[in-house]
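Protein chains in written order, with the working numbering: chain G, 1101 to 1435; chain C, 1101 to 1435; chain W, 1101 to 1435; chain L, 1101 to 1435; chain Z, 1101 to 1435; chain D, 1101 to 1435.
Don't take each hint at face value.
Because identical chains cannot be distinguished in the list, a pair is counted as satisfied if it fits within a single copy or across any two copies.
Claimed, not checked - Below 20 Å or equal to it, Euclidean Cα-Cα: the simulated EDC-like pairs (lysine to aspartate or glutamate) are:
| id | residue 1 | residue 2 |
| --- | --- | --- |
| 1 | Lys1269 | Asp1207 |
| 2 | Lys1256 | Asp1290 |
| 3 | Lys1269 | Asp1157 |
| 4 | Lys1179 | Asp1148 |
| 5 | Lys1179 | Asp1157 |
| 6 | Lys1269 | Glu1200 |
| 7 | Lys1269 | Glu1429 |
| 8 | Lys1256 | Glu1215 |
Bear in mind the hints are in silico, worked out from the structure with no lab data behind them.
Note that the coordinates shown come from a computational prediction; the quantities given were computed from them, not determined experimentally.
There are 6 protein chains.
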Amino acid sequence: MRVLCYGEILLRLAAPGRELLLQTPRLDVTVAGAEANVAVALSSFGHDARMLSVVPDTALGRAAIGELRRHGVDTRGMKFGPGRMGLYFLTHGAVRRPSEIIYDRADSAFARSPEACALNEHLSEADWFHISGVTPALGPASAAAAIAAVRAAQDKGVPVSFDGNFRTKLWESWRSDAPAILRQMFEHADILFGDDRDIALVLNKNFGNGSAEQRRERAAAAAFEAFPRLKRIAATIRVQHSVDNHELGAVMYTRSQVQTVAAVELSSIVDRVGTGDAFAAGVLHGLLTDEVDREALKFGLAATCLKHSIQGDFLTLSVADVRAAMANEGLDVRR
Amino acid sequence: MRVLCYGEILLRLAAPGRELLLQTPRLDVTVAGAEANVAVALSSFGHDARMLSVVPDTALGRAAIGELRRHGVDTRGMKFGPGRMGLYFLTHGAVRRPSEIIYDRADSAFARSPEACALNEHLSEADWFHISGVTPALGPASAAAAIAAVRAAQDKGVPVSFDGNFRTKLWESWRSDAPAILRQMFEHADILFGDDRDIALVLNKNFGNGSAEQRRERAAAAAFEAFPRLKRIAATIRVQHSVDNHELGAVMYTRSQVQTVAAVELSSIVDRVGTGDAFAAGVLHGLLTDEVDREALKFGLAATCLKHSIQGDFLTLSVADVRAAMANEGLDVRR
Amino acid sequence: MRVLCYGEILLRLAAPGRELLLQTPRLDVTVAGAEANVAVALSSFGHDARMLSVVPDTALGRAAIGELRRHGVDTRGMKFGPGRMGLYFLTHGAVRRPSEIIYDRADSAFARSPEACALNEHLSEADWFHISGVTPALGPASAAAAIAAVRAAQDKGVPVSFDGNFRTKLWESWRSDAPAILRQMFEHADILFGDDRDIALVLNKNFGNGSAEQRRERAAAAAFEAFPRLKRIAATIRVQHSVDNHELGAVMYTRSQVQTVAAVELSSIVDRVGTGDAFAAGVLHGLLTDEVDREALKFGLAATCLKHSIQGDFLTLSVADVRAAMANEGLDVRR
Amino acid sequence: MRVLCYGEILLRLAAPGRELLLQTPRLDVTVAGAEANVAVALSSFGHDARMLSVVPDTALGRAAIGELRRHGVDTRGMKFGPGRMGLYFLTHGAVRRPSEIIYDRADSAFARSPEACALNEHLSEADWFHISGVTPALGPASAAAAIAAVRAAQDKGVPVSFDGNFRTKLWESWRSDAPAILRQMFEHADILFGDDRDIALVLNKNFGNGSAEQRRERAAAAAFEAFPRLKRIAATIRVQHSVDNHELGAVMYTRSQVQTVAAVELSSIVDRVGTGDAFAAGVLHGLLTDEVDREALKFGLAATCLKHSIQGDFLTLSVADVRAAMANEGLDVRR
Amino acid sequence: MRVLCYGEILLRLAAPGRELLLQTPRLDVTVAGAEANVAVALSSFGHDARMLSVVPDTALGRAAIGELRRHGVDTRGMKFGPGRMGLYFLTHGAVRRPSEIIYDRADSAFARSPEACALNEHLSEADWFHISGVTPALGPASAAAAIAAVRAAQDKGVPVSFDGNFRTKLWESWRSDAPAILRQMFEHADILFGDDRDIALVLNKNFGNGSAEQRRERAAAAAFEAFPRLKRIAATIRVQHSVDNHELGAVMYTRSQVQTVAAVELSSIVDRVGTGDAFAAGVLHGLLTDEVDREALKFGLAATCLKHSIQGDFLTLSVADVRAAMANEGLDVRR
Amino acid sequence: MRVLCYGEILLRLAAPGRELLLQTPRLDVTVAGAEANVAVALSSFGHDARMLSVVPDTALGRAAIGELRRHGVDTRGMKFGPGRMGLYFLTHGAVRRPSEIIYDRADSAFARSPEACALNEHLSEADWFHISGVTPALGPASAAAAIAAVRAAQDKGVPVSFDGNFRTKLWESWRSDAPAILRQMFEHADILFGDDRDIALVLNKNFGNGSAEQRRERAAAAAFEAFPRLKRIAATIRVQHSVDNHELGAVMYTRSQVQTVAAVELSSIVDRVGTGDAFAAGVLHGLLTDEVDREALKFGLAATCLKHSIQGDFLTLSVADVRAAMANEGLDVRR
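Could you build the full structure based on these sequences and the hints that come with them?
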């Protein structure tokens, strides 16, 4: 299945290990970006994932394309354009000190010319279209491009998955009306990755004081009512005992059902960043391969859990690796 | 508030990660020293922390001064003198293998000429004086200098905090009478960072077989009786499940009250060294900014917990970082 | 006591930290091999451990010998021969992603000419002979050499310890009859390190559906019946909560008794590889120094627990370190 | 232009910097292989380079494919097969200590099944075919496959470039008749990268005692006579003042002409390995883009010189980078 | 002497060693900026160097300030402001591959609000003012601020040194009139660091076809005529044999004299970036300490030569180190 | 041949690459010491080199012993004793910045108890005794021990080589009379490694204003006259073009002859430290294997040249490697 992923690509510049940023004079660099993360995971799962983005024609932009290619992503939709390479600086947290991200992505080549990707040409060859809430959050041009993209996908009959990925700082960096823009993204989505907070923001509703489960259910119901095209809403449910030790479950709503997968303990986490994208990619893999919802959700959760063991934003494991985790094939050394 | 910190500065030469010492041929170097650690933390909290010490006029001594300066410590009280740069070698423990420190600080420039700092001149500009039990433990010259220092502070009306920091090996490295020397330090202290073992040693008393809580209370009462100037005694309460996973609470006694802060779970600890100094700095920050004792203690414990997430002896986080931890603002990635 | 260890020596090429293999272009190299691991641990415990093996006369083979020598192993039994240096590639697991080993040891110098060590000459100076199930698994030549070796040891009155160490992939790499070959190893062993699965394989028996404890007991009884020379069977009992957090106990059977040591929690494990060899070495140390079985078993378990805190296959701690762990001398920093 | 490159792919495991092998326990890993090096350079020059090879289906083999993909090489001709990943260990020389390579490539997946690439299918889509003397040197299967390959290319009208790349140790590792095998490679080559020693070996002739220039000319003449299909012979001319400082010129013979490019001083060389492949790729680039021979040779030499400044076997610079070097656009920092 | 340095501060993100940018996923980070480089060198020479700049209030901006402080620079003139941290990416060249810099400094906090430094307040405490041609090149705000700065310095009687530092890419990044702006900088300068190309640009003149020496002399004469305040013009004279091996001399013009210092061979250069700033700082040191011009120029050249041996943009050696180099005290190990 | 080497063992803590000391927070650690360097080189050349020294019983001392053992040195003469591990800090120079060493070896275990090695017992099994001028320079105890050692060697008929190795700072660190002490060392030496400056110091003579060659000859003549036991004087002749590029020849005097070996160009030097010890070891190897003086000198110079290409103080190459360099077997990659 050919999946188009459309959004900004970033270099992630991370302090090594659990160091503070610039505590020592070194940064570890990986490639990142919400949609690129999904593209790499889907490619690792054997799909034909094509990334559409714009980067500067410098060693940085070329390195980002090379890294996508290394992981098997189809880069024919990658364009060079004026502007910077988007960056983000990451300090990994530990114990009770949270991780911190400093975005340095303003005026990126993608944010300047999101339309340069010639999306329409690629849509005609696509089986699926994936985009996240980061893309419309980058600025007016990419907000317009994101909305145009999901409309074009709908026009061409290409199903759309949308990952809310709400980032306050990005929306606040320009005169944006996040609820109005996101509402148009929700309207064209077949699948929404997000939870009651995303829905509350868009619908400007408060889902009350009940349990988290009740709030989620009410929000899902409201979303299905407001957005007739929407077929599924999926989210992880995370409890954080400490920065390095979490508990992670998942839930998926359809118009008729609720599927939940029981929480898994994740201790000594290696890297929490990019785990939401791993979830999106895992669930999409299940749905694209015609699995029943529950199996897709289980695959998605297992993929997410595995991502917590891998440095960098990318999940680069195979379907077999994820299935082994799902089947509890054991945690001991494999020789 | 201007705080003087007086003591030896060391280079810490640590095996990388969880390696054994010289398992691979590399050492990670940071600057350390009980009082320097307090100075850096106080500077990070926005205070005017002035370090008084003596180092050799070599690339090593200059690097140590530069590192203090980097963290905003006032280094006008730093002197060059004959003698070595004090060193310590650190092997981080793991699982059930304890961390190990090899001191290599004998004959340091500070231990040779602790009086070179011209403490009296600096005291006249100071709001607070901090010293630890490491300083008098280094040898006869620094024991004499430490006692002279707290006396001079008292004479000039500068309040004194004293952190017991009992190090058997240092006291045993020369013909010392630790109880007699420490007693003089206790006599001039307004605040004592220490627990019943420190007090037992100095008073040559056994605080009985009761619970740890009872022993601490009896010891505090005895100390208040023996040392009329003493106003507060503060300590952390640590339970170690494994080398990497602890539980940490705190207690502070005044002549009229006991304040306790409930224990926090610390898992996947990054670096336990220097946490006592972070506690002293945190409590001092609270008291120097006129917080009530309980808030000062809570700030101290939160600072200590955060130190466990940072490599090296220094706590370099801001008041805002500590307050966020106190307010439980969440453990998830901050973007 | 002089202990001979006989088997293949490998270079272990590991991805750094918790990285995937070749995620970044660097490998950390250490020396390994089941019997070499035992030799290094025994040498660290103060024994005269002599390694018998064959390596190529290249920088790789010479480095392996040098590393053994560094840890005090007697390398007079090391020979150069034609063939490759055995390698294995290691990816450390994390969270719920298991560690993975890729063997690349076919056609090693040892596997080609295991007989080059002139074992018989060395046996006459030996107090003990140790070998693992990896040696006969490497191929027909080393299977024959392994059987010849234990026979020769028995002939010369040198007691034999045999560590099952069953590795499916090695046995499947040639036309082997593992049960038949291993049976001959069991026949000449005084001590067997292994559990009911090893015994089941060799005796082609199923030890039933009872509890793990019952299966182990039945298997031990069957082994003692089948192998009259066998005096002790020892094994660790491992429960894995996650890749980085285990629980580890131990059991030892003699013809008359069962000794068990209660499980210890191991959290934030550094390196699980080589822990079985640390157990063998620890138990052997106890027996070679005439401790009672229970103390030998406790020493073995403590050594194993400590190995989990050390990178690389080698346990290089001293008897004093292990005794401190046994005595629960505390987990806090030792200064 | 689509160029097929056919041969073994290796992982190069190099001691860092100028260290001896395993002097410190770390190896830097890059992907290599004579034909893969050419493929990467041609891809960097903008050609459609397709690599045909066989690697094991492990993290090692997949990493090698990913790395080729990263550099834009078309990997549709890469197959998984039984056998090892070919390795080589590299110690960089310095001053007057030569670099050393330890091959560990016996029994590689490619050497086992060189025919698995389905070369014929790919040839029908190809404009050029490149192979080196390493491929037939690996063993009887790859010798047969190499000869079959150049024959098939000739049959399909695809021009062939052959790089002598004589490696004594490879030829000596099996019962080979190097001159006879290489003769068949020469017979089908349109371009030969090699010098008088290669030709002397194949023709079993001695080109006399004259100057190096005379020997080269006589050898070229003899080769043109012996191999009617041969159109060009190109070689670098290297003088080594020390391990890190060379002087490098180039020469190309056709049946009617001799072109030489004057030698360039190369000081403080970073990495000499793979420079011959950079030369082949550079000259091929010139010929494939219809440049006159002299320009092709100059481009080849400039590419070769630049390769000496890059770590690893791959030349990954662009045509613009090479042209800038040819045009002497300056050696100062480009901002 | 108190010297004010006014300009943008950058983080330099460099590929390690001689690697290409992102060849491996790591960057080495140092602090840089033409005027900051001068400030650090002057501080290392014992002057009171105060840096005036604006950085974002993030871990990046704070790290930059901390690094200046580490090297003894007075950071009281450092302000936090909105905008990015200026960055530049560096690939070190080698052999015949030039180094490359990718600027990523647009919209930096300094470029946004260069006026935030409250320059006038600092000028009243200053003995000297230094600025480079990078500052006016950043954009209209900093061009205006740079001109205002040199005017204010002149008004307050503070001598001005101006380093041409012409960077085409910066000037081309906005609608700038470089000659007109630079002319105003030249008008207020007491000392100009620059050569005939800088002067030719500003005066829109061609200094003819003579030797380099003649062009420089004619340009100096023209500059002295055009800019009555100008007292000295100093420049290095560089010949590049290869990327790593240069030859470096220096020249200084006054209205009455020409001083030259003979060229020195610089082989195996470690880092060429920042050497121009080392020259400016070295000459300024000489003049600020009342040395005769020739001695100042010799000190400047020696400082510049030493900078080539140090990684990063900063020269952090002492006057004694420079004097030892000037005195040819020997190149052998100092013990 | 069994050679005893007697002296202090140090850890060398070096800034990585060409960095300044503590420019980045990392040190590379190797083992060193003038006599230990000779022992390792002789062991690498196949001799039975036994090191006699004293180190503390800590991880540092044990690591030093382990490292000697790794290189095949017989460590039976290594003792544990009170005192520190001797250290030295190294900054590698570059271009025109000299390397710098900071000694931190005062009060080392060896300097405290040099007599603990029980030298006499070892002498009775020895064929040769080697010691350097560093040993008597450490302090009164080691000066006395050094003199006693060479006397004992003479008494037992064991030939002595003495390497002058004059280190001003060491001699100045205590109330020493260097000429008197060294005179006694010279008196018992069979071979002296040193030049006219060493002899001038001991004999308190000035060898005039002639050429370097003449000074060396006159000094040698004077030494042979003053010290009847002395048979050979050997020295390298070094010219330093820059820190990284030298020219190195060698000379050896006997009572009847002068042998010289022509200078070799050494460019892009990796590590100059320890090269004098490599020369001593190389010449000793030649003499111990009964080569004629000229061959011994050539071997010594070749060994010295090779040492310049190796990081750390140790020369760990084989006789074959040195012979290949002597035979000019080529500088190109060995495959």
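- What label fits Lys1179 with Asp1148 when the C-alpha limit is 20 Å: within, between, both, or neither? For Lys1179 and Asp1148, both the intra-copy (18 Å) and inter-copy (19 Å) Cα distances are at most 20 Å.
- When no copy is named, should Lys1269 and Glu1200 be tagged within, between, both, or neither for a Cα gap of at most 20 Å? within (13 Å within a copy, 33 Å between copies)
- Query: How do Lys1269 and Glu1429 come out at 20 Å by Cα distance, when the copy is not named: within, between, both, or neither?
  - Reply: between (41 Å within a copy, 17 Å between copies)
- With 20 Å as the alpha-carbon cut-off, assign the pair Lys1269 and Asp1157 to within, between, both or neither. between (27 Å within a copy, 15 Å between copies)
- Up to 20 Å between alpha-carbons, please classify Lys1269 paired with Asp1207: within, between, both or neither. both (15 Å within a copy, 18 Å between copies)
- Copy assignment of Lys1256 with Asp1290, given that the CA separation must stay at most 20 Å: Within one copy only: 14 Å inside, 51 Å across.
- Message: My question is about Lys1179 and Asp1157: at a cut-off of 20 Å on alpha-carbon distance, are they close within one copy, between copies, both, or neither?
- Response: within (9 Å within a copy, 32 Å between copies)
- Item | Identical-chain pair category, Lys1256 with Glu1215, by Cα at 20 Å | within (17 Å within a copy, 44 Å between copies)
When held up to the earlier numbered hints, the structure conflicts with none and fits them all.
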